[in-house]
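Asks: If you read the protein sequences in the order shown, they are chains A and B.
With my numbering, letter number 135 in the first sequence gets 135, and the count goes up by one each step, no holes.
With my numbering, letter number 170 in the second sequence gets 349, and the count goes up by one each step, no holes.
Hint data in this document are derived by calculation from the structure and do not stem from the laboratory.
Treat the hints with care, as some may be off.
Stated by the list, open to error - Cβ pair distances, simulated, as ranges:
#, chain 1, residue 1, chain 2, residue 2, range
1, A, Glu112, B, Glu499, 47 to 53 angstroms
2, B, Val274, A, Ser155, 39 to 45 angstroms
3, B, Glu215, A, Pro154, 32 to 38 angstroms
4, B, Val274, A, Asp151, 27 to 33 angstroms
5, B, Gly455, A, Ser155, 51 to 57 angstroms
6, B, Gly455, A, Pro154, 54 to 60 angstroms
7, B, Lys358, A, Pro154, 55 to 61 angstroms
8, B, Asn452, A, Ser155, 54 to 60 angstroms
9, A, Ala156, B, Gln526, 46 to 52 angstroms
Note that beta-carbon positions come from the ideal geometry of N, C-alpha and C, so glycine has one too.
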Amino acid sequence: MRIESLEQSDAVLVEAAQEGHLDSFGALYQRYHNPIVALAYAQLGDKHGAEDAAQDAFAIACRDVASLRSPEKFGAWLGGICRNVTRQMLRQQSRPAPPANDPPEQHGPEREERWDAVRRAVWELPTPERELIVMRYFNGFSQARISQVLDITPSAVNGRLVRAKRKVAQFLKRDGFGS
Amino acid sequence: MGRVNDENWLDEALDSAIGSHDTQPDFEQWKANHPEAVQMLTSRTPPEAARPPAIRRIKMNTMLVKLAAAAVIAIAAIFGVTQLMQPEADQPAAVAQTLTGPMTHTFEDGSTVTLAANASIRTYGAAGRRGFEHLTGVIDVTVAKGKGQFIVTTPYGNVKALGTEFTLDLVDGTTANTKERVELLAVEVTEGSVEVSNDKGASVLKEQQKLVVEKDRAPYHAAADADVPARLSERMDAMVAAMEAGDTAAYTANYNMNYLYNLATGKAEYDPNLFGGTAEDAQRLQQALGNIESVEALAEAFRQGVNFSGVTSIYLRDIEVSADGRHATARLVTGEGSGRLRGSSPQWHYFDNDWWQVDD
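Just chain B, same shape as in the assembly (with noise of 0.2 angstroms):
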C-alpha cells in the first residue's frame, strides 16, 4: 500500500494526514476573549489623538522667575528636547525589575523568558548585559541568536546560552513522604546547548539533555557521569521518560517479568538483589500471584498497579553504583501539580545480561 517514494503520493498523504482548512482567525471572538490584552494595548494610544493636552499658562510675575524659565529654554536647547520627548518604550530598560508569573517578558535584544504562576525573575539594571537572576518557578527562556552570551544566575548555578531554548525549574521544599529538603535547579534544553557552572563544576548540556544542580553540589549530568555504565544510564532515562509520559507499559518494562513470573509461581528462589522487597513481600506476592498463568499477565497486573497521575516534574539527582558495579541506587524527586514533591530511590541490579529495577 503506497508508493513512499513517490512525492506526490507523499504530498497528498501528508495533506490528508495533516492538513486543517477548517481553522479560520476571528479577530472580533479573539477581542471579546481578551478584553485584558485589547485594553493594555489600546492604552498606549498616544493621548493627543484622543484629545488635545490641556494647557497650563504660568503668569510669570517677577524677573527672577523669567530668568530661571529662561535658562531652562536655553539648557534645553543645548542638550535637545527631543532627548527627553523619547517614548518611555524606547529607553534602555535601565532599571532593574522583579517579574513574577504567569506572564512572558521580552528582552532589549529579542529574548523571551515564560514565567510559569509563581515563578519569579530580576532583571539586569545595566544597559548591555544580556541575562536576568532566576529566583523562583519554572521559566521558559529563549535567547535570541547572534547577540553574544546570555546567562542565568541561580541560587544554585549560571547557565549560560547562546541562541537555544531551554527551561529552568527552581525547587525548594520538602518531600512529603521522606521529609528530605530540597534544593535545586533542574535544566532542561530544547534547542542548542548551554554550559551549567557554579563553583563546584561545570557540564555543558545539549539538545533533549536534562541536568540537576543541588545546593552546594557540581551540576550533575546522569549521561556525563562516568560511574555510570552506559546501558544503566540509557535505562534510567527511559524510566525517568516513562514516569513523565505516564506510559505505565514503558515503566514495567523496566522490570525483569521472567523473574519476576518464575518468582510468583514459585519456580525461583528469593533473591533480595533480584527482587528488591523482604522475603516475606515475595512470599506475599507469591500468596497474591502464584497462579498467574503468564508472564504477560503478571505484567499487566503491574501495570494495572502504576500510577503517575499529577506529576508534573521529575528529576534524577544522583545515580549511585556499588563497587562491584552491579547495583545501583537512583534518587529521584517528583513534582506534582499541587507543588507537593516527592522523593524516592529506584533500585537497579544487572542480571540476566541486562540492568533491571528491582523496585521502587
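Pulled out of the complex, with its shape left as it was, chain A reads as follows (with noise of 0.2 angstroms):
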C-alpha cells in the first residue's frame, strides 16, 4: 500500500508563495517558525530578541522570496537570513551572544543550578555544534528539518549532535557536575 504524504513540500510552497499566494506563505511560516526561533535562540542566547529576529526574518524571506531559485533549499535559505538578522542584531547591541539565561520556572535551587551550567556549557560549544543542540532540544525538531535549516544531511546532524553532546558532557564534567 501507497501512502502519500499530505504535507506539501517546500517547493511547491515557495512556488506558489512567489507566484503571490500569501497562504502558501503562512504554511511555510508555520512550518518553519520555531526553527527559525531556536536557530535566533542560539545565536543570541535570550528567548524575546530570538523571536523578533525571526519575525524579522520572516519579513525579508516575504518580500524576497521571488529571488529564491532553488525552492527546495528554503529552509537553508532562511536560516542564512535569520543568522544575517540576528548578526546585525548583535552589533546593535554591541554585545556578542550572552550564555542563556532565561530563568526556568518554579523549581528547586538545585536543578536551576543544574539548567545554569547546562546552558553555560551548551554557549561554550563552537556555533555550528551550538545551533544543533538548541535546534534539537529547543523544541524536539526532526533531524530531517533540522538538517534543511542547517543545510546539512540527516546522518550529519545524527553524527555531529552525538560529539557535541560530548562535548556538553566534558564541559560539565569539567564544571564539577560529575559522572
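Got two chains here, each in a separate frame; can you build the complex from them with the hints?
Replies: Printed below as a string of C-alpha cells:
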C-alpha cells in the first residue's frame, strides 16, 4: 500500500508563494517558525530577542522569496537570513551572544543550578554545534527539519549531535558536575 | 550531582535547560505586523487571475500594416514566443544595480548579502559572475557552497570566498578625538575561510578571525604578523574581545594590578614603561588611591572607571613592537552607534613574565 504524504513540499509552497499566494507562505511560516526561533536563540541566547529575529527573518523572506532560485532550499535560505538578522542585532547591541539565562519556571535551586550549568556548557560550544544542540532540544525538531535549516544531511545531524553532546558532558564534568 | 555520561540524564537536562514549548507560530499576528512584506508578496499575484486582461483591438486599415503584422508574427514563431513571454523573475540578473540597506539580497546561486542601514553594494551585470562590489557600510555575506569562487571587490582590496560566511565593514571617516582620516575595510569570517588581497599583498583568514585592509596598505592580520610575539597577539585579542563584549572585568585584567597597587601605595617606584602616564599622573594615582586596601579593590576601582557603552565595532589596525621587543603600541579605531569614530593607541610592555597594557 502506498501512502502519499499529505504535506506539501517546500518547493511547491515556495513556487506558489513566488506567484503571490500568501497562504502558501503562511504554510512555510507555520513549518519553519519554531526552528527559526531556535536558530536565532542559538545566536542571541535570549528567547524574546529570538522571537523578534524570527519575525524579521520571515519579513525579509516574504519580500525576497521571488529571488530564491532553488525552492527546495527554502529552509537553508531562511536559516541564512536568520543568521544575518541576528548578527545585525548583536552588532547593534554591541555585545556578543550572552549565555542563555532565561529563568526556568518554579523549581528547586539545585535544578536551576544544574540548568544554568548546562546552558553555560552549551554556549561554550562552537557556533555550528551550539545551533545543533539548541535546535534539537528547543522544541524537539526532527533531524530532517534540522538538516533543512542547517543545510546538512540528516545523518550528519546525528553524528554531529553525538559529538556536541559529548563535549557538553565534558564541560559539565570540568565544572564539577561529576560523572 | 548528575550523571553527565548518562544519555538519559543529559537529554533531560538539555531539554529542561533549553526546551521552549511555549513558542507558537501566529501567522495572522505576523501578517498584521508586516503589511509591507505581505503587500510585496501578494502584489505578485498574476493579474489575469484577478481580472481578465483588457484586449485592445487594432484596426488594420492598410495593406502595409497587415504585412508588417504578418512579419512580426512570423519572426515570433521562428524565435519562439515562449522565450519572450518568460516572467521577469526567471531572467538572468543581467543588469547591474546598486542596492542600499537595510535589506537582504539573494543572488542567483542562492548566496545572500544583508546590508545594514546606510550600507550599499553594486551587483554585476554579467550573468554567471559570482560576487559584487561593496561600496559602503556593514554587510553580512553568506556564500552558497559548491558553486565556485565568489569575489567581493572593495576600494581597498578584494575578498575571495568559497562557501562561507563573513562580514565586511567599509569605514570611511575622521576620528572625533584624534582627527585622523580612517579609510579601511574590516573583514571578519564567521564560517569557512576567505582570501583578502590587494596590490600590496594577500592574507588568508580563517573562522573567527578578523583583519583590516587600509587604503594603499597590505591586508593586516595581527595574528599572522611575524613581528608580534604570539603571547602579545593573544593578549591583544583578549583586549579587543573584552572591549567588544563590554566586559570591564576582562579588560581590567589586561593591567598588572600588582604593580599598580604597589605604585599607588608607595611600595614601587614610578617607571614610565610600566605605568603609561607621566610622573604627575602617578602622583595623582597615589593621592587618589594611596589608601586602597587591596589589589582586588584597586582592580574594582579601575573597572568602575571603564565604560564601553555605545561601542559597535573595534578594529585593530596594526601593532608596532619596539626594537628591543619589550614594548608595543597598537592602533585601534572604534566605531560607535552614532557613526562616530574614535582612535586610540594602547601601549603594552613586557614585565613580570607577561605582556601588560600600560595605558589606553
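Asks: Please go over all the hints and tell whether each is borne out by the structure.
Replies: Quick rundown of the hints versus the structure:
no. : hint                                    : result
1   : A:Glu112 - B:Glu499: 47 to 53 angstroms : 49 angstroms, holds
2   : B:Val274 - A:Ser155: 39 to 45 angstroms : 42 angstroms, holds
3   : B:Glu215 - A:Pro154: 32 to 38 angstroms : 36 angstroms, holds
4   : B:Val274 - A:Asp151: 27 to 33 angstroms : 29 angstroms, holds
5   : B:Gly455 - A:Ser155: 51 to 57 angstroms : 56 angstroms, holds
6   : B:Gly455 - A:Pro154: 54 to 60 angstroms : 56 angstroms, holds
7   : B:Lys358 - A:Pro154: 55 to 61 angstroms : 57 angstroms, holds
8   : B:Asn452 - A:Ser155: 54 to 60 angstroms : 58 angstroms, holds
9   : A:Ala156 - B:Gln526: 46 to 52 angstroms : 48 angstroms, holds
Of the numbered hints stated above, none is contradicted by the structure.
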